[in-house]
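Q: Kindly generate the complete structure, drawing on both the sequences and the hints.
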Amino acid sequence: MARKRVYRSKKKLGQVPGSVIYTGERSKPKLSLEAFDYTKQNCVEKELQNIEESFQFKHTDSITWININGLNYVTEIEKLGQHYNIHPLVLEDIVNIAQRPKIDEHENYLFIVLKMLYYDKDQNIVSEQVSFILGKNYVLSFQESEGDVFDSVRDRLRHAKGRVRNMEADYLLYTLIDAIVDHYFSVIEILGDKIEDFETKIFSGHIEDDASRSIQDLKREILRVRRSIFPLREIIGRIEKNDNKLIHQNTITYYRDIYDHLIQVSENIDIYREMIWSLMDMYMTTISNKMNEVMKVLTIMATIFIPLTFIVGVYGMNFQHMPELQYKNGYFIVWGVMVAIFIGLVYYFKRKKWL
Amino acid sequence: MARKRVYRSKKKLGQVPGSVIYTGERSKPKLSLEAFDYTKQNCVEKELQNIEESFQFKHTDSITWININGLNYVTEIEKLGQHYNIHPLVLEDIVNIAQRPKIDEHENYLFIVLKMLYYDKDQNIVSEQVSFILGKNYVLSFQESEGDVFDSVRDRLRHAKGRVRNMEADYLLYTLIDAIVDHYFSVIEILGDKIEDFETKIFSGHIEDDASRSIQDLKREILRVRRSIFPLREIIGRIEKNDNKLIHQNTITYYRDIYDHLIQVSENIDIYREMIWSLMDMYMTTISNKMNEVMKVLTIMATIFIPLTFIVGVYGMNFQHMPELQYKNGYFIVWGVMVAIFIGLVYYFKRKKWL
Amino acid sequence: MARKRVYRSKKKLGQVPGSVIYTGERSKPKLSLEAFDYTKQNCVEKELQNIEESFQFKHTDSITWININGLNYVTEIEKLGQHYNIHPLVLEDIVNIAQRPKIDEHENYLFIVLKMLYYDKDQNIVSEQVSFILGKNYVLSFQESEGDVFDSVRDRLRHAKGRVRNMEADYLLYTLIDAIVDHYFSVIEILGDKIEDFETKIFSGHIEDDASRSIQDLKREILRVRRSIFPLREIIGRIEKNDNKLIHQNTITYYRDIYDHLIQVSENIDIYREMIWSLMDMYMTTISNKMNEVMKVLTIMATIFIPLTFIVGVYGMNFQHMPELQYKNGYFIVWGVMVAIFIGLVYYFKRKKWL
Amino acid sequence: MARKRVYRSKKKLGQVPGSVIYTGERSKPKLSLEAFDYTKQNCVEKELQNIEESFQFKHTDSITWININGLNYVTEIEKLGQHYNIHPLVLEDIVNIAQRPKIDEHENYLFIVLKMLYYDKDQNIVSEQVSFILGKNYVLSFQESEGDVFDSVRDRLRHAKGRVRNMEADYLLYTLIDAIVDHYFSVIEILGDKIEDFETKIFSGHIEDDASRSIQDLKREILRVRRSIFPLREIIGRIEKNDNKLIHQNTITYYRDIYDHLIQVSENIDIYREMIWSLMDMYMTTISNKMNEVMKVLTIMATIFIPLTFIVGVYGMNFQHMPELQYKNGYFIVWGVMVAIFIGLVYYFKRKKWL
Amino acid sequence: MARKRVYRSKKKLGQVPGSVIYTGERSKPKLSLEAFDYTKQNCVEKELQNIEESFQFKHTDSITWININGLNYVTEIEKLGQHYNIHPLVLEDIVNIAQRPKIDEHENYLFIVLKMLYYDKDQNIVSEQVSFILGKNYVLSFQESEGDVFDSVRDRLRHAKGRVRNMEADYLLYTLIDAIVDHYFSVIEILGDKIEDFETKIFSGHIEDDASRSIQDLKREILRVRRSIFPLREIIGRIEKNDNKLIHQNTITYYRDIYDHLIQVSENIDIYREMIWSLMDMYMTTISNKMNEVMKVLTIMATIFIPLTFIVGVYGMNFQHMPELQYKNGYFIVWGVMVAIFIGLVYYFKRKKWL
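Residue numbers (full-length UniProt numbering), protein chains in the order written: chain A, 1 to 355; chain B, 1 to 355; chain C, 1 to 355; chain D, 1 to 355; chain E, 1 to 355.
These aren't lab readings, by the way, just hints derived from the structure by calculation.
This structure is a prediction, so every number in the text was calculated from the model and none was measured.
No residue lacks a Cβ here, since even glycine has one placed at the ideal position from N, Cα and C.
The reader is advised that the hints may include incorrect statements.
Computed spacing ranges between beta-carbons, pair by pair [stated by the list, open to error]:
1. Lys-328(C) to Val-337(B): 39 to 49 Å
2. Asn-124(B) to Ser-204(E): 37 to 47 Å
3. Asp-210(B) to Glu-274(D): 31 to 41 Å
4. Lys-121(E) to His-59(A): 55 to 65 Å
5. His-159(B) to Thr-253(C): 48 to 58 Å
6. Asn-166(C) to Glu-105(E): 49 to 59 Å
7. Glu-274(D) to Ile-190(B): 54 to 64 Å
8. Lys-350(B) to Asp-210(D): 20 to 30 Å
9. Pro-88(A) to Asn-124(B): 51 to 61 Å
10. Lys-136(C) to Glu-47(D): 49 to 59 Å
11. Val-339(D) to Lys-328(C): 19 to 29 Å
12. Asp-210(D) to Gln-326(A): 55 to 65 Å
13. Glu-107(B) to Asn-166(C): 28 to 38 Å
14. Thr-253(C) to His-248(D): 54 to 64 Å
A: Next up, the structure:
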């Protein structure tokens, strides 16, 4: 997850409320628009050239999915919003990429903001905001930039796989959200691998000095993933319980399925969280164990040689009357004594399990 | 608990929802089907050769328990599902072994998923998914593979022990769930033994270097056991409170009994959890105590011999005018002084309780 | 608290539900039965020889308290159960000593299980299961073995102290539960003393090496006491709020009083819990302080004598041209320098507050 | 807070419930009774000689405040209770100084127990139980001993300051409770000062060896203050929400004001709590930092002089053929080498920021 | 945040309740009054000379915002209060700067207290109390002193930017609160930067000795920010849910928007909180890592030179019969042995990754 970007709120101080202002980074790729217009029999897929082309779909009987990539194109989004009668505050939320996941029920449409999570090539979590507007016969989706997790949905629309072509717009919305939630699983799976790799590293002693930084980063990562995913639970729970006329009775079962998956993701996140919180303790014991080892080496060396050095010091004294010095085998006797002390101390350390 | 397998979600990215796809490992043993068909007077036990043989029991008056081992045989399970009118999403849940424990009430049947826990020969917790479908006069059970905790139930059915032959299908379901919950007790008992053994090891100082890894593994194990067991509490609570027509009034008391047991298991799990969380602290103090001991040895040795070595160094100097060197008993006096210092320091350390 | 015994569930795997099987230890003392049968005017106390003698009290107008010691006498308890129309599941709970405290309302009686706590002679907490059955005009109580906390109640019955002889059976039940709850206070008081003694020990530095084991044991002890006491709060709360016809309006106030006491006990338990959880930290700092002291001694000794030893080493060299060696007072000058260094270092350590 | 006294429950084992028994310490000062009897126009203040003098106020139209100091005078309190129709269980609670703060609504009066907290001269928190009985036109207050926080209330009564003389008894009760809650603020302020002083001490390194004991004592203190104050929140909340006929509509606003203050006190307590809980960690790092410093001194000294001592040792050897010994400037060259090594090592330590 | 000032309650002991007493510091700047009186067409901005000038706006049809800086001018505030019929307890709360954020609904106005947070030039958080009174056609705002976060609102009023001139007083109140909440974002952003800078410092090892003090200060800061912001959530939630006639239906959406922002701020605060709580652990590991490094240097030096010093000591002995001393190359052989030992030990430490 890009460090600086994500948890800055980028709230524009002093702005008039309801003004549609893009809060992401300025260097965004070009606008890209695509439309899927389908009935049970037929499915038209189209790359749109400008926002006006999307207006025609509003009043057709067919179901339409219009996907807009590029939240920085605020004028286009405002035009679309006017045509589809979207409230200005909703448009403001769509382009404010720091928006918390939420659901808003309006008279003729349902507005849902959520976070799409995936790992990029550098194994950083990318959190991209996706907004949906569900109308009677259309779904509008807004993404920060191109590249998403909806390819399987496109495929199913094109080739009439599964139920999606036989159902209403609410089922299309379900498949889109389901695709996002499916990716949550792979994100936490990779996160889980990271944690386990890290654990293994710590246990094997191959730890760098910035291990505690890595732990702190893992903590931050899981807290952010958590913050992206947990509010969605409540949102889906509300869809499931409500009797909004845009969500049909037979689709509810599918939303309940998403809800189940979210509970599962949440539980895994909380388990990982507890694991990460324990890592620091583990790291601490590893450090202490290492220090113990260092200390043992020092202690063993010092304890063995300090008395021996004392003994040789004794016979280095220059007293005129030191009887031992005249002994013929004095030198060898001293060696014998020293070897005996050496063996005794080594045995002592063996028994203490220090060697 | 197999490390990698259990908490991977294995959610199949991009699949059409409602498609019945087995998510476990591929190397599963063969399909095995067994049926118990019984009335108060009679009980027929039968090993079925194919799934079609099980269809006959649907419309009999007798109570039938059909047990299917082998969730990888999805076509067979789909056939059974069609015959018994099971919703495709339910079938999907049955073969998705990462399914969280849950209960779903359908018009003509009740669907329950839960986790069977037992220790295998290597003392690893095995978590196997078991699904139940309770109909008017039948119970279908689905297990990942052969080998389960239901032998006592089979025995009671065969020999008409207890109440089970006199009661309806809901009581049969009760005895099956009860058998699973009973095994939770033995699982946490073994877990408890592991924790206490580990504590004892830590206290006695016989700890390996990977103690903190073992603690982390224990933490993970208890978190997973917890996750398998806690949702069941809610499920049984719902059975107990609801007025589902498939659960008769006089059976409710028995479900309440299971509920009681689950509360008890949960409390034990939470106590073990707190114990495990404390283990790391204990381990830390053990390490520190050991280091203290090492340091003491070093300090005692160094403190005693460093001054003595200094003294012998003094008389190793080569000054021309060192009056002591000429003293007749100089050498012996120095020895006397050194012995005095030695005794003094030993006494000092004794008083400090370091020796 | 006997280590092994209490938190083993001893759930009998594969047993028919509703079978009345004693789960405690086998070496139980003999059955002992006592009965108090009283009216406002009169109180008969009787040691019963067999269970059948207790049957006569069921239909008298007087209030009867029958106390059964010895849960291993299951046949006797089943006989009693049949005579008083007790449900088999209730009987199962009575003799299952791992039963969690609970209340069950049946048509003609109220069933309550709770834990009696007291310290035995070895200062171990004894947790004994006590079950009560409150009928219209009788209270049956079941205990694991002889010896209990009800002597004051017996005394009041015998000598018509207080209100007990003037009230109904529900008041008798109240006095019995009150006696148990009163003992909770003394248990946590002793537990509190243990914690404070332990704190004092740690602070005074007189700690054994198994201090962290003692802390872990204290943790376990308080967790178990908590588990025995906390569910009772809910039970009494339910009695207080319900309109069970067996509990009269004017007795409710007394149950509310018990509830108050239980809240008070619970608060104390939670305070002790926080205290115990802090003990490990305290112990850790004590260890670290000790190591600091050890290190200081080593450092002071080494820092003072290492430079001095170097100096004497210098003048032990055998160079032919070492002018100092010829100085008349060279030896004494070196001594002077060494004394100066010694004093300087001692002063330095004094200023650092290490000495 | 007196260590032993406060959290002992002093529950009298085996006592008849409802017996009015004083549970505080026996060496209590004499009984002291005072009465304020006032109307809008007039206020009579009177020191009562015996409890019977207080009976006259029951049926006057004026508002009366009778304050009883000395809970050990149980007979007097029982007499008063009989005259004012107080329930025996209420009287029991009044004289049981381990009573948890609570409110009891009776038909003709409201009974409130709470804790008055203040610091005595030795800066120990004194927790004194105060009970109030609010009747239609009177307030009875019971305190453990003389000395309280009500002087400002007395002053306002005497000189008709503020609203108190124009309002009913419920407003008088409000001013009394308000005075107590006001003192909570000063108690936690002093507690806050203690914590900050302690922090400053730890940071400045001027810590005694019993720092961890002081931290433990602070923890205990805040836990007890918390326990005295938190239940009151609920009590006042209940007064504010209820429609007890003794509390008039226009007084409710004032009770809500107390409630606000209690929330504020509680928040401060919880902040202090978190601060104290962090102190131990801080202390630990301080210890570790100190040890680091000790170790550095040792390491620097040893690292510099050990190689030098080795060098001088080399030239202290007595080999017959050691060419360096004959060099004219050998001695001075060795000195040069040693000085170079010394400077090199000092530079190394400087670069490592150890010096 | 000024250390001493903020969390002292400054509750005036013994004061008559309802007395309007300023609780801030005495050295406050002069009173400053400003008024904005506007309709859709027109906006009059005026610096008021005295409080009486503000009275005229009460009965105009236009919307009026009167902003009072200087809570120490209690007489002026009381005059204003009387003119606008504000309850004395409300006035007391306005000038009590330790007031907790709250909302009070009165018959003709709504009273809201909240905290304005911003960083001053020294990067200390300033927490200033702001109170609002919303009447039918006016908003009164009370600030401790000049300088606030409302300049963007003033600008919009002057130049009729956005919706504010077309809407009622409730929308004006919304824009004012919104401006305050917007500043919460920048406050927590700066706090976030502080935490990250601190983390970076700790990781890079450039930590001062008072690092643990800084961590404690960060903890305190975040706890206070939390306490200022969290109650506001509930306040706005109540506005949003209630049907107060002063808040129009079409403004509710805007308040819900604030609520959303507050949830977002709260989540960020809680993430930062967890981060700060981890900092101490990180700091601890950094200290331990440093000590490890120190110990390694010592151990390496000592382990290498202690045996060498022993060897040279051996040949410094003065025995008459030491054959090695006569060897021609004895001296060089000893050097060879010592170099070999040196190389062996260096290799050993390399393999252990200590070098």
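Q: Each of the hints needs a verdict: does it hold here or not?
A: Here's how the hints hold up against the structure:
no.	hint	result
1	Lys-328(C) to Val-337(B): 39 to 49 Å	25 Å, violated
2	Asn-124(B) to Ser-204(E): 37 to 47 Å	43 Å, holds
3	Asp-210(B) to Glu-274(D): 31 to 41 Å	35 Å, holds
4	Lys-121(E) to His-59(A): 55 to 65 Å	59 Å, holds
5	His-159(B) to Thr-253(C): 48 to 58 Å	54 Å, holds
6	Asn-166(C) to Glu-105(E): 49 to 59 Å	53 Å, holds
7	Glu-274(D) to Ile-190(B): 54 to 64 Å	39 Å, violated
8	Lys-350(B) to Asp-210(D): 20 to 30 Å	25 Å, holds
9	Pro-88(A) to Asn-124(B): 51 to 61 Å	59 Å, holds
10	Lys-136(C) to Glu-47(D): 49 to 59 Å	55 Å, holds
11	Val-339(D) to Lys-328(C): 19 to 29 Å	26 Å, holds
12	Asp-210(D) to Gln-326(A): 55 to 65 Å	60 Å, holds
13	Glu-107(B) to Asn-166(C): 28 to 38 Å	58 Å, violated
14	Thr-253(C) to His-248(D): 54 to 64 Å	27 Å, violated
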